[in-house]
Structure formats: structure tokens, C-alpha cells
Amino acid sequence: MPRAAATPRRANQRDTGLEDAELRERLAYTWGRRPGLIGWLTTVDHKEIGRRYLVTAFVMLALGGLLAAIIRLQLARPEQHVVGPDLYNQIFTTHGANMMFLFAVPVMQAFSMYLVPLMVGTRNIAFGKVGAYSYWMYLAGGVFLWVSFILDIGPDVGWFAYVPLSGPQYGIGKRADVWAQMITFTEVSSMAVAVETIVTVFKHRAPGMTLTDIPLFVWAMLVTAFMIIFAMPAVMVASTSLILDRLIGTHFFNPSEGGSAILFQHLFWFFGHPEVYIIFIPGTGMVSAIIETFSRRPVFGHVAVIISLVATGMLAFGLWVHHMFATGLPELGASFFTIMSMLIAIPSGLQIFCWLTTLLTGTPVIRTPLLFVFGFFFIFVLGGMTGVMVASIPIDLQVHDTYFVVAHFHYVLIGGAVFPLLGATYYWFPKITGRMMSERLGVWNFWLAFIGFNVAFFPMHILGILGMPRRVYTYQTDVGWDGLNLLSSAGAFILVASFALFFFNMLRSARVGPLAGPNPWDAGTLEWLAASPPPPHNFDHIPFVTHATPLWAERDSLPIVSGISVNTREILITTLADAQPEMREASPDSSIWPLIAAIATTIAFIASIFSPWAAVWGSALIGVTLVGWFWPKSMKEDEE
Amino acid sequence: MIRRLACLFILAGALSGCRDWQSAANHAGAEAERIWSLTLTFTIVLGLIWLAVMIAVAIVIRRRHRAAVSLHAAMLDDEKHRRNSWIVGSLLAATALTVAILTALSFVTQRPLFAGRAATAGVRLIGHQWWWEVRYDGATPGEMFTTANELHIPVGTPIRLSLESTDVIHSFWVPSLAGKQDLIPGHNNSIELLAQRPGIYRGQCAEFCGLQHAHMSFLIVAEAADAFENWQAAQRAAAATPQESDRAKGAQVFVSKPCALCHTIRGTPAGGTVGPDLTHVGSRAYIGAGVLPLNMGSLAAWIADPHGLKPGVNMPPVHLGPDELNAVTAYLIGLK
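Protein chains in written order, with this note's numbering: chain C, 1 to 640; chain Y, 1 to 336.
Keep in mind that the hints were calculated from the coordinates and are not lab data.
All residues carry an ideal CB built from backbone N, CA and C; glycine is no exception.
Check the hints yourself; a few may be wrong.
Claimed, not checked - DEER-style ranges, computed between Cβ atoms:
id : chain 1 : residue 1 : chain 2 : residue 2 : range
1  : Y       : Trp86     : C       : Thr477    : 48 to 58 Å
2  : Y       : Ser37     : C       : Gly517    : 58 to 68 Å
3  : C       : Glu79     : Y       : Ser37     : 26 to 36 Å
4  : C       : His251    : Y       : Ser37     : 39 to 49 Å
5  : Y       : Asn188    : C       : Leu576    : 47 to 57 Å
6  : Y       : Ala104    : C       : Pro559    : 53 to 63 Å
What the hints assert, rightly or not - So, partial list: chain Y residues that the calculated Cβ filter (under 7 Å) puts toward chain C:
id : residue
7  : Gln22
8  : Ala25
9  : Val53
10 : Thr95
11 : Val99
12 : Gly186
13 : Gln204
14 : Ala206
The following block holds chain Y by itself, in its conformation from the complex (with noise of 0.2 Å):
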């Protein structure tokens, strides 16, 4: 039954062209395999109800008074009083029973969730108008590093996120993983993600967070142990230093620009941290928090005019030349 229901559920998503990668019903994490059995056993139980409810309600219709002039003298007294009362009483109770039922179910589901929030997190997650700011902790500095919009997490192995915010409240929020939770200036929030089976999915910010609140995503790449590994050892690393002469032109511009000034890209001059972080912003999948998937046209179109991809969106327009934006745009989509 259950199972059937879960079916029709992702049935419904697949008859509208669903990838499925951002959906409760997809769970492939602990806690969102625990909600979702949860949310299934409300549904059927409350459904049920809803249906006594309707069944009650199609009797009154059934035996309506059919009759032409059709409204008379009402009934004041009601010999039946006392058995409707009982009938009235012991369905209230049912309700009481029900509520505690389900409230009990409730609280056993939710002691996983609040049982690790003391733990130490080891990725911080910043929001940020309108994308997301990851940094791996690691016992030295030169184990950590930044990302952005996108995190890598290892299957089966819980990681806990700390959440912050410098700017307005966000909310993250992985469905295939597990619930959401806010990101709130002055506020220390984190979660635990563990995922039980690898692949990509798919999160976005959940909490009304002003005008590009819509094209604020990121994927988590959940992945065998050692892919994992392999994936923080190249992110750790700085950017390449370009061989080929477009590429080498590209960041030239890179860095006698503006792009300098908000963008760090590391082992280069360039060091704002305004923006996300580019130094391996080829090997990501989506350019813009989800804008568009990550090529050379994408990724040439967002550099010359990010606004008309993302109104609002805080990084300026930058006037290059047709050669610089190409050489640029060959630079960045090669620090893979």
C-alpha cells in the first residue's frame, strides 16, 4: 500500500517530465526515508478519516428532502438526544485517541533529528544573496577549502552542515535528503545529511529570500568514499596555471578586470571574496546557482550579461571585448 502510494506520488512527477532529483518522495537519505514513511502513514490514517467524513456527508445528501415547497415547520424537540450525544462523545474521543496516535509517532520520528545537533559540523554553509558559500573544514589549513553551489558529501557516512547567513534568512533544503533548516543572521543553525545510495541531487533555498529567491540551487553529489576523497584532493588544490595561450590571455583579463575584485581564484592574484569562489568553478555542474547547466555558451552568456539571466542578480555587468569574454570564458571553464 505503501509503497503503491509512493508509486503514484512519483508516477505523477514522472508523467510531468520529472528527473525526480529534488523530491520528498525520492528519498535516497536517512532522515528523508524516515519523514517520508511518516508522512505516508498521516496520509493514509487522515485520509481514511477525510473519507468517513465525505461517506457522513454523501448520507445527508442521499436523503435530502425531495419535496416542491419544500421548507416547513422545523423540529424543535429531539427524542433521539441522548443517543447522539454517545454517538458524538465516543467520536470525539476517537478523535483524541487518533491525535495521540499520531503525535507519538510524530515525536519518535523526530529523535534522530535532534539527537546530533551538539555534534562538530564539518562543512560550513553560508547563504548569501542568491547562492550558496561552502567551506570544507580540515585539521590544517591546507586541508580546507571553498566552493560554491554545490557540495560533495560521502555515501553512508553522516555529515553535519553548520548554517549561517551574513545577509538575510535563507533555508536549506535537500528533499531527497532530509528536511529543511534556516539560515538566520546572528543564529547558529546545522543539520546532518547521510545519504544512502549515491547521486546527484537537487536543493534550493526555501525561504522567501528577496528578488532571485527563485534561482537560488545547488547540488549534492553524494559518492563513493574514495571518489569523495579524490574530489577534496582536487579542490584543495590552486587553479592550474594555463598552458594554452587563450586560456593564459583569459586570465590576464581575469585579473586586470573587475572580476578580481569580488572572485578568488587560488594560486592567482585574484582574491575577492565578494562572489564565489572560481577556482574550480569548471568542474561544477551549473553556473549561477542553478541557472543554467555549466558550458562555454552558458557560461560566456552569464559573464556578458548576468542580469538577463538572473535579474537583480549582484554581479555587474563588465564590458569586455568579443576576444576577452571568449578567452576568459575558455580560462574559467577549464579550472576543472
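Isolated chain C (complex conformation) (with noise of 0.2 Å):
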């Protein structure tokens, strides 16, 4: 919002005493962003940030889908020739790398980063600057990929990259240091939104929001942070030394020279298994805030919820193994990750039957949210039980890299997380444009989405155990998987429908979609009580929180918070068990270097796939933005 016309300012301007109307307009003004294109270059708003964050997520998203579309039409048939396989290998490497690493992911901190703030009741994400270098770093990291992958040295070796495969012998070019740094782009990116995560979510929150009183989807933020925080520094780990085995010849990976190449894969699931929860996780989080607001009572099991998300966290980190079952591990070693992998149907069983309950003891209400819910039941719930298949080592040794397990974790990450997200989205929609997404569309959005899903990934359980591999950029007809791969590439387009619509429908609804007022659906967390959307500074006055559905609790008026200043960015600091009041602390002002610092770190990442001395220069060029960065300013308390 641009800055409005000047108002007469007066040192530590406190709220109280204010007209609405006034206080309003003072909060708008300290709290906006200046006018033009350098207020949009230089914004903290965590709103604005998170924006940019989902509109770039979904072209990602679409992008990454027009892959599939190549991908399901060339395996329609035996022996296509649509695309060739150097062209395939390309595609799917690209499809999975970019729905991995710049769709899934970043869409949940974008809701993380757009949600998390508001529905802990503060004025913006801790380390404004920092979520915008994260953004611009995510933003440079996708362009680097599709820019490589439309000139033709798209990474080509899976989007899990094993060496040899991707190493200096086998792996020619650059395709698969594209991949390696891509991967840097994106850790980088989601690591610094992680950190404001939670550091928002332990000291930011409005007073009286006790631990037990964070809405779960928060909760769910919280645990994917932390996951975050620990898993990808081993991805890193193995990128940059695959980087380092391609570039000045290290062998950490080449077995000739006393490397391992089991070493990789170790790193990889270390990071790789996680990445799964940190995709699905957030997804349970909007599963749990859709189920509360449409079966109109808090969700039953409040705690034992909270407790499974943390559960399933930390199991999640003892299974990478069961990715390996294949190669040549010692039983005992194997058996304890097939009872790891076994031991998380447990927390996920508790998080389902509390969600069950919640709607069998409330009053459902069916909105298009709750729609996508219950295509969630359907579809994770079967992705769960493969999950527990695939978990047993035998019954693994038979379907891994096989079409099984394509059909597996697709109804564990669409149904997991996409169709979360696209009710989240019709659900979070009216907070964030204003205006409701249509009811109508919605339906036809998800019964397209539903039906397409199950006509294009059931088949392929069968194919798997009828012996399809992975990673195959065409079959013979000789083996009988020609009428499946079909019946699947139907489906397939009919989910392209369906997305399709998604993405007509917000276009449309953003424009003349019916006004949605700061609660359409009278829900009972913190973010419905903003306008919507909500202005600059998110909130007229800080409530004060004593339930976990406060709006509920507190139906006639919430008590507020007052004595915080209005003419210099300040928010307030809680403890963090019980969200006492602690301090008072300033809060960034908009700044140009977070994207300049993004622009110094771009250039040194792409330059160091191709000489390693620009990890040297680079590093003094990302020195020079950061001593920018932090040049000490007068508080503005001081120059009044």
C-alpha cells in the first residue's frame, strides 16, 4: 500500500487513544511500502513476500504438470516417438526436481510465510529482509532451471541424481551440476524461511497464545521447519561434493579411488526421506484448519494431534534406508529401517482417526475445502497402506523402481499434500484476494481432479507388479502394459483438466469473485479476524489470546493489546512456553539489499558450476552486499 499523504508524526506515537479510523490509517502508513516499483523491489511484508512466493509456486506447478503431460503422452503407446530419450530423461529429471525442490516445498512456506504471522497474531514474519532474499533466491534457483532446461543441458539424471551416473565420467556437460546448484538455490531459499518460521512462531506470537493454543496448522509449520533445519544440510552435503568430486576431481563418490557411491545415496535420503514429510506435513496442517472451520467444533484431540506431527518428524528421519532396501544392505541393519518406516503408520493413524472423530462429533458443513478433504482421506490413506508395502523388504525388493512406487508416492504427495493444498487454497483464497473462489467450479474442479487422479496413478500399481521399471522413456508391447499406460494417459489429461480450471477459476474469482469480508467462512483462528486481505500492518490492534480458536471463544470482542507505537515498525516479543509479554522489538524497514545480496549469491552459484574460483570472488562479492546489508542505521527514536 502506497505511503499516503504525510501525517503529522510525533515521537513514540502509542495506540491507545486513537480513533479506529486514525490508528488505521497511521498502522498503513508505517507499516506499507513505498510507492512504485522500488516499494515492490524493496518490501519485507510478509504478505507481499508470500504472494509472490504462491504465484511463482503455481506457474512451477504448472510448468512441472506440462512435463507429466509429455511424459504420460509419450509412454500412451509402445515405442513412441513424441520425445527421444535423451529428450525424456531430461523431462522426467526436470518434472520430479522442479515438483520436489520449486513447487511443493516452496508452496507450503508460502502459505507458511502468507498464514503463519496472522494466525499467530503479529505484524510480520520474523527477519522481514531475510524472507525476501529467500524469495528472490527461490525465484533465481527456478529460472536456472528452466532456463537450462530450454536450452537443452536440463539435468538429466534423475531428480535424485546418483552417481556414477551424475559424476564427472558419466554425467557430460553441465546437465547435472545444473541439478546440483539448483538444489543449492532452493535450500538456500527454504532454510532462511524455516528460521523465520520459527523463530515467528516461538517469540512472536500474540500474548496468551500458549503453546497448546497454536492452531495446527502452525504446528505443522513449526515441525516442517525444524525437519527443514536438519534435513537439508545433507542434500547440500552431497550436491556440493558431487559438485566438488565434477569440478576439481575429489572422488568422493568414485569407488576406484577409495569413494563410495552408496555414500550419495545415504546423503540423499538422509534428506530425501524427510523431504517427503516436509511436503506432507503442512499438508495434515490445512487438512486440520479446513476439518475445524467445516465440522464447526475444534479439532478432537487438540494435544494428541500436536504430538503425532512431532512424532512423525522425528520417525521420519530413521527410514531413508527403506529407499535402499535394493542395495545389498545387512539384514539387521535393513529390518530396523522396515520397522521405522512401519512405526510412522502410527502417528498418521492417530492424526486420521482424530480428524474422523472431529467430523463425526461435529456438524459438517460440505464446502469445496472440505471436498478436497475428503479426496485426501481417500487417496492418502491408500498412498499410507502402499507406504506400509513398501516399507516390508521383500515386497520391496519387488516393486521398487517400478511403477508401483510411482503410483505410491503420488497418492501419497497429491493426495498428501496437493489435494490439502488446493482446498487450502479455496479456503485461504478470500483472506488473500478478498474475494470468494467460485462454490460452482469448485465442485467441477474437484470431481475433474479426483476422477483424473485415480484413472492415471491406480493403474499403475498394476503395472508395477506387472514388471514396468521407472525411468523408462518407452516399452515394448511385448510385455503386456500397453492398455494400462493408456487408460493412465487419459486420466492424466483429465487431471491437466482439472488443474486448468483450478487455475482459470482463481484468475476469474481474483477479478469478480463475490467480496469476502474478513471472516466468509466463520472460522476460529487469528487470521480471520484481518480484513480481508489484510492491510499492511495485518491487525488494528494485537489481540489478546486465551483459546485455540480464539474467534470462537471470544465471539462479542477480543480483548486486545494496547500501548504499541504507530509511527515506527514495532512488534512485540512473548515467551515461549506461555506467550508472556517480553519486549518490545523493531521490526526491518523495507531495504534493497536482500535482492541485491540475492543478485551478489545468484552470480557466485552459477559461476562456481564452471570454475571453482568463483566460490572465492563470489564469496567476497555476497561479503560486499552483507556489510550493505547490515551497515548500521539510527533507530528512528533516535533522530527524533
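Each of the two chains sits in its own frame; use the hints to bring them together as a complex.
Dropping the structure here:
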């Protein structure tokens, strides 16, 4: 929001004793961004950055979906020549890497970036400049991958990039480096958001919001943030060592020089398995939020759901070897990972039982978001069941690296994350844009997605049993996979149609949808207290929270906190457990440095796949921008 | 019930014109049979649980609130809380019990899989981009021989294969006989095959290994002990010297052109080890690791333009005149 005509400024004006309208105007002025392009480039507002994240992630979804459509065209009939093997390998690698690193993780972090500060009742995310930096890094990583793909140097080694295939001897050209460096970009950006989320949830909550009062969606994002911090370094070690092997001849993964090809797999999957939960746990948070609102009661077993989120997050780090059962590990070691993989069914089951109890004891009102949650139950639970199957070593040895596994993880990820995400989009769209999405198109959207998904992916279970391996660019007619592949491709195009309808609904509703008002669903959590779309400062008054669903508990008037500055960006810091007010702190103002630092980092990252020296001068370049970033500024109070 | 489910899978295959020779459902090996019955047990138990969850969802949908303006005040107090906690608690205990039982079943099934790992392998299998080198061991050098992309095994006798790779990671998988096992450079793996009935079973590389991962298949021919002995004896022999004039000319072309730099034909000067051993190439069913069934036409097409059939294959195009091509093809196809 552009800064309004200057209002007379007084030192340390507090929000006590101001008329509502004047308070709103002054806060909007203080928290708003500068006008014009400069304002757009310098903003540190979590809502603006969150929106950009969302739009970019949805563009990535559309692009990745396009590649999936080409894959299904190629595989619709045996021995087709829609694309050749070289392009096909780039396509399936880019599809996987894009969907995991550039769509699924960022889109969840986008919702987190937008919603967490609103849901915990604060005015911005912690370290706003880091948030801006993380978005620019994410954008640069996405552009880097897609430009490489268009230039025919897209990665062609699978999203997992196993050595030696991706190593210096077999992964010729720069394709594997593009994969490895794209990882670095997205890791930097997701680690940044993870740190912001944790600090916001721990220290910026509205007074009175104890740990158990934190909404389940926020809990889910908190657990996810911790998982990112522990999981992502492993893949950064893997991808950086790979670049070193390729660029300066270290032999981390070269067996003939004492390295190990298996080591790469351990590092990758130590990240790769938690990654699945990094995508799925936010989905469960969305499901909890939607179920709570549309069954008209708080989620049954709020604390049990929190415990199962935390348990899932921890167990997720003990399962990575079930991706490696065929590598010939000793029995005791492999069996441990079977048990761990099976155990994770217990917290997942607990969440599902709690949700079903909530729905059964509430008065469910079916709207599009809840439809997608029903779709989630159907698809995700099935994917969870096949997950129990692949945890068993003998069964996994048959279905590993076949279309059975392709079916399994699409059931888990599309069912467990994308269906909740679509539901969440219908649910929170009015908050973000101020307008409702079309309910009629939403119902069509749901049924097309539900039918298309199942027709596309269920046959893949059978294809896997019938022996069809993954990552093949074609197959022969004498193995009997023709009919099911054709069916699957037909389903895939129904799914494409459903996403086209989804995007159309969003674009149309953003312009002509009915106005929503602050709380169109009569939901209970704090984000619905703010106007839709929220003003730059989110809340005119910081609320005081007494219940996990404050808007339901205090229907008439929510207690508020007063005494916060209106002419400086001031936020309230509260204690970790009970959210007792501790102190007031300044929140960062707009700054161009995040953008400049991101440009410097991008230059360093891309140059360093060509020359090791780029890591040296690139670091110096980044260092200079960080000096600018942290250059001491006199506080406003000091000036006045 | 189990049989019916198995039929369903096979029917689904049959509908799509299936030969069913690369299917985990059509098991012909001891290991594959054990895995298949475990798979069916898991499918039934987990399918029933899934069905129970779906019934609960169906009840929710039936009981939905139908009022026109249906978003209204929410409930905060739940007097049935205690009873519901008991229900959720018992469901959780049931989940834990089911998980424990399934884990135990899985452990019982995996015992034989790990039991034989220390045994000595009689066959070495070496993965290459994108074909399979097969070396049969023997007590004396005269009993050893090398072939490619086609293994014969005796029915009823367990055969252990050692799995090696010299380039990238591949994975050996014959769904009808056993689960898969990776071939990893610098790492020793092995797998045991025990065919219970004679037949030809197709297998395929299951770990993404580059450009032609899709065309890296092989055949396992399980046959009676005497047939297997005969096959071994035939494979051990050097290639017969061709009698017909065109085949003799083909042999000449083979050793004078670049062919011999990469391929071995035992009994001739051709001794290259880059590509598959062709001593008895005519006895194999397929060309190019499963690209086409072997016959005069497909073999000639392969020699004339390997990249047309398998883009990216490591075999370079060799320029031969029409006569030379015919002669070489006739020579090779006759190497039974």
C-alpha cells in the first residue's frame, strides 16, 4: 500500500487513545511499502512476499504439470517417438526436481510465510529482510533450472542424481551441475524461511497464545521448519560434494579412488525421506484447519495431533534406508528401517482417527475445501497403505523402482499434499484476495481432479506388479503394458483439465468473485480477524488470546493489547511457552539489500559450476552486499 | 480369495495383450512365490483398513449439515469427550497391533532371502551401459564361458549370481523369479534364483542407468537339468568355422572390419571385450539387450544402424557394403 499523505509525526506515538480510523491509517502508513517499482523491490512484508511465493510456485506447478503431460503422451503407446530418450530423461528429471524443490516445498512455505504471522497474531514475519532474500533466491533457482531446460542443458540424471551416472565420468556436460546447483538455491531459500517460521512461532505470538493454543496449521509448519533445518544440510553436502567431484576432481563418490557410490545415496535419502514429510506435514496442517472450520468444532485431540506431528517429524529421519533395500545392506540394518517405516503408520493413523472423530462429532458443512479433504482421505490413506507395503523388505525388492512406487508416492504426495493444498487455496483465497472462489467451479474442479488422478495413477500399481520399471522412455509391446498405460494417460489429461479449471477459477475469482469480508467461513483462528486482504500491519490491535480458536471463544469482543507504537515498526516479543509479553522490538523496514544480496549470491552460485574460483570471488561479492545489508542505521527514536 | 486376486491381476495383464513373462504376479521362482503371498496378505489386510476409513468418511458425508445457511456457531464443549478418547485410543492400539503383525510376517518372509548371501556364486553378471555380460564359472578354464543378455538356469536347483558393475549402477530384476538387487561399482552383491517350473522369463534393468535404460532387458531360460547341460556344453565350444561361402566371407569381414575390436568370437582372431561376446550369438532370442527378436532382418538392421534402433548405444555405425552386410549377418546368425 503506498504511503498516504504525510500525517504529522510525533515521537513514539502509541496506539492508545487514537480513533479507529486514524489508528488504521497511521499503522498502514508505518507498515506500508514505498510507492512504485522501488517499493515492490524493497518490501519486506510477509504478505507481499508470500503472495509472490504462491504465484511463482503455482507457475512452477503448471510448468511441471506440462512436463508430466508430455511424459504421459510419450508413454501412452509402446515404442512412441513423441520425444527421444535424451529429451525424455531431461523431462522426467526436471519434472521431479521441479515438483519437489520448486513447487511442493516452496508452495507450503509460501502459505506459511503468508499465514503464520496472521495466525499467531503479529505484524510481520521475523527477519523480514531474510524473507525477501529467500524469495529472490527461490526465483533465481527456478529460473536457472527452467532456462537450463530450455537451453537443452536440463539435468538428465533423475531427481535423485545417483553417482556414478551423475559423476564426472558419465554425467558429461553441465547437466548434473545444474541439478546440484538448483538444489543449493532452493536449500538456501527454504532454510531461510524455516528459521523465520521458527522464530515467529516461538517469539512473536500474540500474548496469551500458549504452545497448545497454537493453531495446528502453525504447529505443522513449525515441525516442518525444524525438519528442513535438519534434513536440508545432508542434501547440500551431497550436491556440493558432487560439484566438487565434477569440478576439481575430489573423489568422494569414486569407488576406484576410495570413494563410495553408496555414500551419495545415504546422504541424499537422509534428506530425501524427510523431504516427503516436509511436503506432507504442511498438508496435514491444512487438513486440520479445514476440518476444524467446516465441522464447526475444534479438532478433537488437539494435543494428540500436535504430538503425532512431532512424532512423525522425528520418525521421518529414521526411514531413509527403505529407499535402498536393493543395494545389498546387511539384514539387521535393513530390518531396523523396516520397523521404523512401519512405526510411522501409528502417528499418521492417530491424526486420521482424530480428524474422523472431529467430523463425526461435529456438524460438517460441505464446501469445496472439505471436498478436497475427503479426496485427501481416499487418496492419501491408500498411499499410506502402499507405504506400509514398501516398508517390507521382500515386497519392496519386487516393487522398488517400478511404477508401483510411482503410484505410491503420487498417492502420498498428491493425495497428502496437493489435495489439501487445493482445498487450502479455496479456503484461504478470500483472505488473500478479498474475494471468494467460485463454489460451482470448485465442485467441478474437485471431481475432475479426483477422477483424473485415480484413473491416471491407480493403474500404475498394477503396471508395477506386471514388471514395468520407472524412468523408461518407452516400452515394448510384448510385455503387456499397453492398455493400462493408455488408460493412465487418459486419466492424466483429465487431471490436466482439472488444474486448468483451478487456475481459471483463481484468475476469474480474483477479479469478479463475490467480496468475502474478514471471516467468510466463520472460522475460529486469528487470520480471520484481519480484514480481507489484510492491511500492511495485519491487525489494528494485537489480540490477546485465551483459546485455541479465539474467534469462537470470544465472539463478542476479543481482548486486545495496547501501547504499541504506531509510527515505528514495533512488534511484541513474548515468552516461548506461555506467550507472556517480554518486550517491544523493532521489525525491519523496507530494504533493497536483500535483492542485491540475492543477485550477488546467484552470480556466485552459477559461476561456481564453471570455475572453482567463483567460490572465492563470489564469497567476497556476497560479503560486500552483506556489509550493505547490515550497515548500522540510526533508530527512528534516536533521530527524533 | 488369494487365488481370485491373483487372477484379477493376471486378467488385467491379459486384457492388455500380455505375455506375462515379466510379472511379479506370475511367479515361477521360490522367492517370487514367497513375496507374492506376502504381497497378497498385505493387500488384503491394508485394503480392509482402507475400506473401514472410507466407510467412516461415507458416514460423515451422509450426516452432513444440509441447512441452506449452514455456517453457524461452532461447538466448543464436547460432553462425549471421554468416550471418544477411548475409541481413538483403541483404534490406535489396533493400528499398532496390525503394524506389529505385518512387520513380523515381513521378517519371516525375508529370512531365506538373507540366509544364502554367503554362498559362492556360480555365475558372474556384469552390468554395462546398456547390456548384461554373463560369465559362467567352472572348475577348469575350459568349463568357463561368457555370453550376454541371456542366462540359462536348471529348474529346481538354486543358482547364485554375483552382481557387478564397471560403469554406473544397474539393478537386476526378474519379477517372475525373485526381487531385485543392485549392481553397484565397487560393491559386491549377489542374488539367488530358484526356478520352480521351466519357462522363459524376462527381466529388465530397474535402476536408471542413462540414455538407454529402457532397452536393457534380458531373458532367463529355466530348463530341465539335461537341457541345461547341453546348452552349457554348446556355449563352451568355440565358434564353428563356416562352410558356406557367404558365411565364410562374413567371418572374414568380421575380423577385418572394426567389429573384432569390440567383440569376441571364440575360435577366431576376434577378441574385443568392449561389447558382448558373440561366439554363440545366433542361439540367443533377442538382439540389442531386448530391442528386437533375433532374425536375419533385425540383425542386419542392427548392424547397419544400431543408433536407429537404440539411440545412444555405444556400438558405432560400421560402414559395410550390401554384400558385406549380408555376409556378416549370415555368419553371425549361424553362430548357434
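Results for each hint:
With their beta carbons about 57 Å apart, Trp86 of chain Y and Thr477 of chain C fall inside the hinted range of 48 to 58 Å. Distance hint for Ser37 of chain Y and Gly517 of chain C: a CB-CB separation of about 59 Å, consistent with the stated range 58 to 68 Å. The hint said 26 to 36 Å for the Cβ distance between Glu79 of chain C and Ser37 of chain Y, and at roughly 35 Å that hint holds. Checked against the hint of 39 to 49 Å, the C-beta distance between His251 of chain C and Ser37 of chain Y comes to roughly 45 Å, which is consistent with it.
The supplied range of 47 to 57 Å is met by Asn188 of chain Y and Leu576 of chain C, whose beta-carbon atoms lie about 52 Å from each other. As the Cβ distance of Ala104 of chain Y to Pro559 of chain C is approximately 55 Å, the hint placing it in 53 to 63 Å holds. The restraint placing Gln22 of chain Y at the interface with chain C holds, with a minimum CB-CB distance near 3 Å, inside the 7 Å limit. Interface hint at Ala25 of chain Y: satisfied, since its Cβ lies 5 Å from the closest Cβ of chain C, which is below the 7 Å cut-off.
Evaluation of the Val53 of chain Y hint against chain C yields a held restraint, the C-beta minimum of about 5 Å falling below 7 Å. For Thr95 of chain Y, the interface hint holds, since its Cβ comes within 7 Å of a Cβ in chain C; the closest pair sits about 4 Å apart. The interface hint given for Val99 of chain Y is met, as the beta carbon of that residue sits about 5 Å from the closest beta carbon of chain C, less than 7 Å. Hint on Gly186 of chain Y holds. Least Cβ distance to chain C is approximately 3 Å, under the 7 Å limit.
For Gln204 of chain Y, the interface hint holds, the least distance from its beta-carbon to any beta-carbon of chain C being 6 Å, beneath 7 Å. The closest approach between the C-beta of Ala206 of chain Y and any C-beta of chain C is roughly 4 Å, which is under the 7 Å cut-off, so the hint is satisfied.
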